[in-house]
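Taking the hints into account, I'd like the entire structure generated from these sequences.
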Amino acid sequence: MIVASHVHKVYPTRKGDRVVLNDISFTLERGDKLGILGRNGAGKSTLVRLISGAEQPTSGNITRNMSVSWPIAFGGAFQGTLTGLDNVRFISRIYNQNYAENINFVEDFTELGLYLREPVRSYSQGMRARLAFAISMIIEFDCYLIDEVSAVGDARFHEKCDIELFQKRSDRAMLIISHDTEYVRHHCTKFAVLHEGNMEFHSDFDQAYAQHMVNLHG
Amino acid sequence: MTTLSHLGTLRRSAAIQGRVIYALLMREVLTRYGRHNIGFLWLFVEPMLFTTGVTILWTLSKSAHGSSLPIVAFALTGYSSVLLWRNMPSRCIGAIGPNLALMYHRNVKAIDVYLARLVLEAGGATISFVVLSIFYIYIGWLDPPEDILTVAGGWLLLAWFGASLAMLLGAWGEKSELVERFWHPASYITFPLSGAAFMVDALPTSVQKYALYIPMVNGVEIVREGYFGDKIRAHYDLPYLVGCCILLTLLALAQVAVVNRDITPE
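As you go down the protein sequences, you meet chains X and Y in turn.
Per this note's numbering, the first sequence starts with residue 1, numbered consecutively.
Per this note's numbering, the second sequence starts with residue 1001, numbered consecutively.
Hint data in this document are derived by calculation from the structure and do not stem from the laboratory.
None of the values given here were measured: they were computed from a predicted structure.
Some hints here could point you the wrong way.
Said to hold, decoys possible - Keeping only pairs whose Cα atoms sit at most 30 Å apart, straight-line, the calculated BS3-like set for lysine-lysine is: (1) Y:1062 <-> Y:1175; (2) Y:1062 <-> Y:1209; (3) Y:1175 <-> Y:1209; (4) Y:1062 <-> X:33; (5) X:160 <-> X:190; (6) X:15 <-> Y:1175.
As the list claims (entries may be wrong) - Covered stretches of chain Y, as calculated for chain X (at least 3 residues, CB under 8 Å): (7) 1120-1132; (8) 1184-1195.
Glycine included, every Cβ here is placed at the ideal spot set by N, Cα and C.
Written out as structure tokens, the structure reads:
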């Protein structure tokens, strides 16, 4: 279970403090699939970083009683001079995993072949996305935080991602943010709309969608 | 029971931190030295080249250093010490930026990034010092140290001083780039003041006590006492040096905690 209680996040800017998240509270149980809709800059990624524990809230608490992934996104947090395998090795070391097994999985999933031994800066955006996703899948978590999955890559890649996430790991909790509303509708059971620092929950997608459209178009 | 479970938690945390630092260290070695030519050997070949260059320069210019010590011995102990305490802050200032993406992983903290870099930097300087010492001793330019433990003690104190200074400046550097701007000139200006190029005993008596206010001077004097024993008269204030290190360490840890709290991963 993940419990966020009265979470506030404030970023200092040149024109004074800006409240990005204003008193957000919710609970995510095992197996819950929560989809969050919101405009650009609504604070979706910030919320995901706070839940992952990579960043601390300005005030309020986030309690994690299950293992939570890092935010899975496809920009890929890679150093360009390192090879794909170097990055697999790094993650394996941090999470105390068997490197050899992970290599097999990553080779199999990414189909990058010899490129895994080349610096990441020589990869195309789609190749990076494949590597980033495969690396995210080598550690098993109770809860996955997914930030904009469907932005890059081809159809085959999306199919493979769906199999890994929603078939093999259908019992896990997930928190999904995406601008692709269909993706959210398809994969989530609970919905929330983030707007001007406030988070509104809906059990029904259509309600959430309607609210999101109002926020988008006024 | 509770103390036992606390101990268990502590042990688990230590294991995690050890893994993270090791992973960062290996990553740092690769990003810094790559897999070209001699690769990570540059870690200590570079400081060796520096020290050798300075040794040759000082030998040729017959630097006056105010003691009867052979110039090689003087340059080796002096310049190696400078590399030890000066390179650590240089590597820690601005260390967070390039590693920001890694902070997505909850267990990777600012202090791990600093510690990984400190271990590398101190390791490089130490290997360089040891290898050059053995080499000079082997070819007969240098007598073996009189008391290796004292050398090691002085060296460790200098490393502690460098490491705590590095973390403090690194953490301050995250708040203001002025730290980086000022560190460069400051590290150059303190070089001649650091005891690398003089023995305290050679200074006028009235100046000696002021020289010992500079923490590094005390460390270098201890290293030299271990190296040369009775051939020199070393001056140092051990409690003062240790006090400086403790103070810097506490300040550094407090500031790193602030950095940790304010970090925003990319």
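Checked hints:
1. Under the criterion of a C-alpha separation no larger than 30 Å, the hint pairing residue 1062 of chain Y with residue 1175 of chain Y is inconsistent with the structure, at around 44 Å.
2. Under the criterion of a C-alpha separation no larger than 30 Å, the hint pairing residue 1062 of chain Y with residue 1209 of chain Y is consistent with the structure, at around 27 Å.
3. Between residue 1175 of chain Y and residue 1209 of chain Y the CA atoms are separated by roughly 35 Å; this puts the pair beyond 30 Å, and the hint is violated.
4. The hinted pair formed by residue 1062 of chain Y and residue 33 of chain X fails the criterion: a straight-line CA distance of about 75 Å is larger than 30 Å.
5. At roughly 24 Å between alpha-carbon atoms, residue 160 of chain X and residue 190 of chain X fall within 30 Å of each other, so this suggested pair holds.
6. In summary, the hint linking residue 15 of chain X to residue 1175 of chain Y is supported, as the alpha carbons are separated by about 18 Å, within the 30 Å threshold.
7. Taking a C-beta to C-beta cut-off of 8 Å, the segment 1120-1132 of chain Y contributes 0 residues in contact with chain X, too few for the three needed, and the coverage statement is violated.
8. For the segment 1184-1195 of chain Y, the proposed coverage by chain X is not satisfied: 0 residues have a C-beta within less than 8 Å of a C-beta in that chain, short of the threshold of three.
In this structure, the earlier hints numbered 1, 3, 4, 7, 8 are contradicted, and the remaining ones agree with it.
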